[in-house]
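**Q** What follows is each chain in one-letter form.
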Amino acid sequence: MAYTADLLELIKKVEKTRPIRVARKKAGEEFRALTLDERKVRLEKYHPDYRAGALRELKIGPSKGYSVSQEIADQFEARSRIDPDKIDLNEVHYETDVLVIGGGGAGTAAALVAEQAGAKVIIATKLRHGDANTMMAEGGIQAATKSWKDSPYYHYLDVMGGGHFENDPLLVKTMVTEAPKTIGWLESLGCMFNKWPDGKMFTLHGAGTCRKRMHYAGDMTGAEIMRTLRDEARNRIKNIGVLEFSPAVELLLDEKGFCSGAVLYNLETEEYFLVKSKAVVMATGGSGRLHMRNFMTTNHYGATGDGLVMGYRMGIGVRFLHATQYHPTGAVFPEQAEGLLITEKVRGAGANLVNIDGEQFVFEREPRDIESASIIRECEKVGKGVPVPGQKDKYGVWLDSPMIDLLEGTGTVEREFPAKFILFKRYGIDISKLPMLIYPTLHYQNGGLEYQSDGSTNIPGFFVAGEVGGGVHGANRLMGNSLLDITVFGRLAGESAGKFVNQRSDIGKLSVEHVRQYHKEMESAGIVTERVSPMVLPDYANPEVKKRQWTTTYVGSLR
Amino acid sequence: MSPVAQQFTEQNDTLNEASVRTDLIPIFIMGKKYDVPSTLTIQKAFEYAGYQLIRGCGCRGGICGACATVYRLPGSAKISVGLACQTVVQPNMYLTMIPFFPANRAVYNLDELEPDAQTILKYYPELAKCMGCNTCTKSCPMEIPVMEYISAALRGDIEQAAEISMSCVMCGICAARCPAELGQYNIGIMCRRITGKHIKPKAKHVGEMIERVNSGRYEEPLNKLVKSDIETLRKLYVERQMEPHTAPEEWTPDKKDYL
Numbered sequence: 001m002a003y004t005a006d007l008l009e010l011i012k013k014v015e016k017t018r019p020i021r022v023a024r025k026k027a028g029e030e031f032r033a034l035t036l037d038e039r040k041v042r043l044e045k046y047h048p049d050y051r052a053g054a055l056r057e058l059k060i061g062p063s064k065g066y067s068v069s070q071e072i073a074d075q076f077e078a079r080s081r082i083d084p085d086k087i088d089l090n091e092v093h094y095e096t097d098v099l100v101i102g103g104g105g106a107g108t109a110a111a112l113v114a115e116q117a118g119a120k121v122i123i124a125t126k127l128r129h130g131d132a133n134t135m136m137a138e139g140g141i142q143a144a145t146k147s148w149k150d151s152p153y154y155h156y157l158d159v160m161g162g163g164h165f166e167n168d169p170l171l172v173k174t175m176v177t178e179a180p181k182t183i184g185w186l187e188s189l190g191c192m193f194n195k196w197p198d199g200k201m202f203t204l205h206g207a208g209t210c211r212k213r214m215h216y217a218g219d220m221t222g223a224e225i226m227r228t229l230r231d232e233a234r235n236r237i238k239n240i241g242v243l244e245f246s247p248a249v250e251l252l253l254d255e256k257g258f259c260s261g262a263v264l265y266n267l268e269t270e271e272y273f274l275v276k277s278k279a280v281v282m283a284t285g286g287s288g289r290l291h292m293r294n295f296m297t298t299n300h301y302g303a304t305g306d307g308l309v310m311g312y313r314m315g316i317g318v319r320f321l322h323a324t325q326y327h328p329t330g331a332v333f334p335e336q337a338e339g340l341l342i343t344e345k346v347r348g349a350g351a352n353l354v355n356i357d358g359e360q361f362v363f364e365r366e367p368r369d370i371e372s373a374s375i376i377r378e379c380e381k382v383g384k385g386v387p388v389p390g391q392k393d394k395y396g397v398w399l400d401s402p403m404i405d406l407l408e409g410t411g412t413v414e415r416e417f418p419a420k421f422i423l424f425k426r427y428g429i430d431i432s433k434l435p436m437l438i439y440p441t442l443h444y445q446n447g448g449l450e451y452q453s454d455g456s457t458n459i460p461g462f463f464v465a466g467e468v469g470g471g472v473h474g475a476n477r478l479m480g481n482s483l484l485d486i487t488v489f490g491r492l493a494g495e496s497a498g499k500f501v502n503q504r505s506d507i508g509k510l511s512v513e514h515v516r517q518y519h520k521e522m523e524s525a526g527i528v529t530e531r532v533s534p535m536v537l538p539d540y541a542n543p544e545v546k547k548r549q550w551t552t553t554y555v556g557s558l559r
Numbered sequence: 001m002s003p004v005a006q007q008f009t010e011q012n013d014t015l016n017e018a019s020v021r022t023d024l025i026p027i028f029i030m031g032k033k034y035d036v037p038s039t040l041t042i043q044k045a046f047e048y049a050g051y052q053l054i055r056g057c058g059c060r061g062g063i064c065g066a067c068a069t070v071y072r073l074p075g076s077a078k079i080s081v082g083l084a085c086q087t088v089v090q091p092n093m094y095l096t097m098i099p100f101f102p103a104n105r106a107v108y109n110l111d112e113l114e115p116d117a118q119t120i121l122k123y124y125p126e127l128a129k130c131m132g133c134n135t136c137t138k139s140c141p142m143e144i145p146v147m148e149y150i151s152a153a154l155r156g157d158i159e160q161a162a163e164i165s166m167s168c169v170m171c172g173i174c175a176a177r178c179p180a181e182l183g184q185y186n187i188g189i190m191c192r193r194i195t196g197k198h199i200k201p202k203a204k205h206v207g208e209m210i211e212r213v214n215s216g217r218y219e220e221p222l223n224k225l226v227k228s229d230i231e232t233l234r235k236l237y238v239e240r241q242m243e244p245h246t247a248p249e250e251w252t253p254d255k256k257d258y259l
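Line by line, the protein sequences give chains Z and U.
Letter by letter, the first sequence follows residues 1 to 559 of our numbering.
Letter by letter, the second sequence follows residues 1 to 259 of our numbering.
Hints listed in this document are in silico derivations from the structure and should not be mistaken for laboratory results.
These numbers were taken from a predicted model, which means no experiment stands behind them.
Fair warning: there could be bad hints in the mix.
What the hints assert, rightly or not - Derived list of chain Z stretches under chain U, where covered just means 3 residues or more per stretch with a C-beta under 8 Å from a C-beta of chain U:
{"hint": "1", "stretch": "120 to 130"}
{"hint": "2", "stretch": "152 to 158"}
{"hint": "3", "stretch": "196 to 202"}
{"hint": "4", "stretch": "232 to 242"}
The C-beta atom is built at its ideal place from N, Cα and C for all residues, glycine as well.
My request is simple: use the sequences and hints to build the entire structure.
**A** The following block contains the structure:
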């Protein structure tokens, strides 16, 4: 659906101010960035996490008393899918060295490195191998690789500043020093990063970076990394088995308290079955499909926070989970693109954000939380949002992509953002000539399970990698650091799991006592609920139809 | 929708069945009729009809290739293709998703591959059976000229095959439609990985930086940062020099202490 006549009329106001804005940019003049103090006020007043009722204190578990979003608290304060009294722990269906839960970038990187260390690996994944947020990451991957202007030192400062200096310093140090190695590893696997003819990689700014250090592969960097890692895993089929459509729903311990596998659920036959392993890498990713505060999301269909729930039940605490990342630029028009991510690289390449009058109201490279809060402010407080056609009380602002062609030369938008260019072309919108209408969209789980720099946790044999873990990004992740996070910590968790397997002699008697205890704790806390978790899949079925679906054996959702 | 309406499996040219909602249109999911809002994508139409998708649903954003869909419109024999999450429903479209296709995939060791046509033919001998019918190109929902990259691979122009196939989402429709039984998307990724690994020059600066990191030169400064209090960090953060947006690649900062 192309832009309506009303929108085209409004776009003229953007076009009117564009030449001046482009000229300013060319002269090196930027819109004034907020000071650290101004940032704080902006967040407290306008960021969704700070709204009354957004968070709720956890009544049970290792992080009891800590407040997280209502939607995540609901998942934590729910019963397991398994009945500890009924499950037969003697019937083991698969045995392996390392069980990787999650078939995204972190899980696959972990599997490859664990295999390299000599381990037999099983990847259990909810949907297909590679169905993950990694696949959807567009902009790029940060790493200080250009020693004449950058180093891990500056990368460290940027990461800390983006996370409001609350990040776990050791995790950050690990991430920024491992970053160049990870880029080298990906290159050696055949990832096609954008390069000059001499092999030097293109790098760009992201919001909150002081040096251009974001490496990319068009606007499908995550897809390029994911399909490369997946392809390599498929080449190692002898040692890396993949169980698709088989999400884990509960972890297994042995009598010594070592993590020893998981209960999986075959989504197609609705059977539960056991995998016994000497080590487990949890890499289930984030939780955008819980739709915090009913926000639209950029996340993958399977992003329902399963790993958080399983880890938490087993006794792993959580941190920074109160902070949800709203990506500033999600499409709000046309309707079928709603929630779709418009990569931050568009702003990195110079596109301004402007209001209904074509006025700039924020520096386009503020960290994501500040940028989102500023857009919400412009629409709710200032009242200069652009009404979204056909939707009551819904507003957006313009992301002025045509500036990029004016700054960098005609054809740049099409060349640098091929996926988005084609997508919008299909809707009859040429984004090299017309701006995009955007609004913040639920994007990333900043926090998660507690883990150390080598991926280990306080449960022996249990390792964490990627978005399911928390600490490295503090309360706000910067662009290009999620692909980095998953590859760096995926590799480290895989390496640690591989080593752990070699040291572990055997697996004792399997146990789900932790689940029994968790249920007891729920009862003592007075939590009476029919909820079970993990959720596995979100439920988007038509409520009218659902009324007529009398049985409850349907997967994923609760009736 | 009424049970009676569901019994109609015949494709009609006209909108029938007056509904409560005026914006509903009939579509036929695997031959079975459902009335759905006209603005929905095929994916959301499935859900509106009452499906909980397991297969055939992934990123919901047009990049993962889980929801390959083929459909036909009334009065035409033409089979059209699209991704269910990206394609808006049309009245009386007859559709099915193809959530999986068992295309051939070779197992190989990337390190040992030579970047030439023989390599591709060795692992995918069926490549030589391509009869140039162009059905693959016509059936690509990403509008990739699939046959062009297959021809490039056959010629041994692996780099070109890699570049043309770059935006492939590996949905598998090309393979499903190919009379020569090629698994184009698997050939495509092999070409891209060979290109990334063996054809494009290596990025020297990455190797240099890895050496600097391994030499331990950043350990001391980083450990100092790790131990710094927030006030010190804030100060260093605010004072860090920004590389200008329009700066050339060779730009260097004034202070080079921590490079």
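**Q** Next, verify each hint and record whether it holds.
**A** Status of each hint after checking the structure:
1. 120 to 130: holds (count 3)
2. 152 to 158: holds (count 6)
3. 196 to 202: Three-residue rule met by the stretch 196 to 202 of chain Z, so holds; n is 5.
4. 232 to 242: Coverage by chain U holds here, the residue count being 4 at a Cβ distance below 8 Å.
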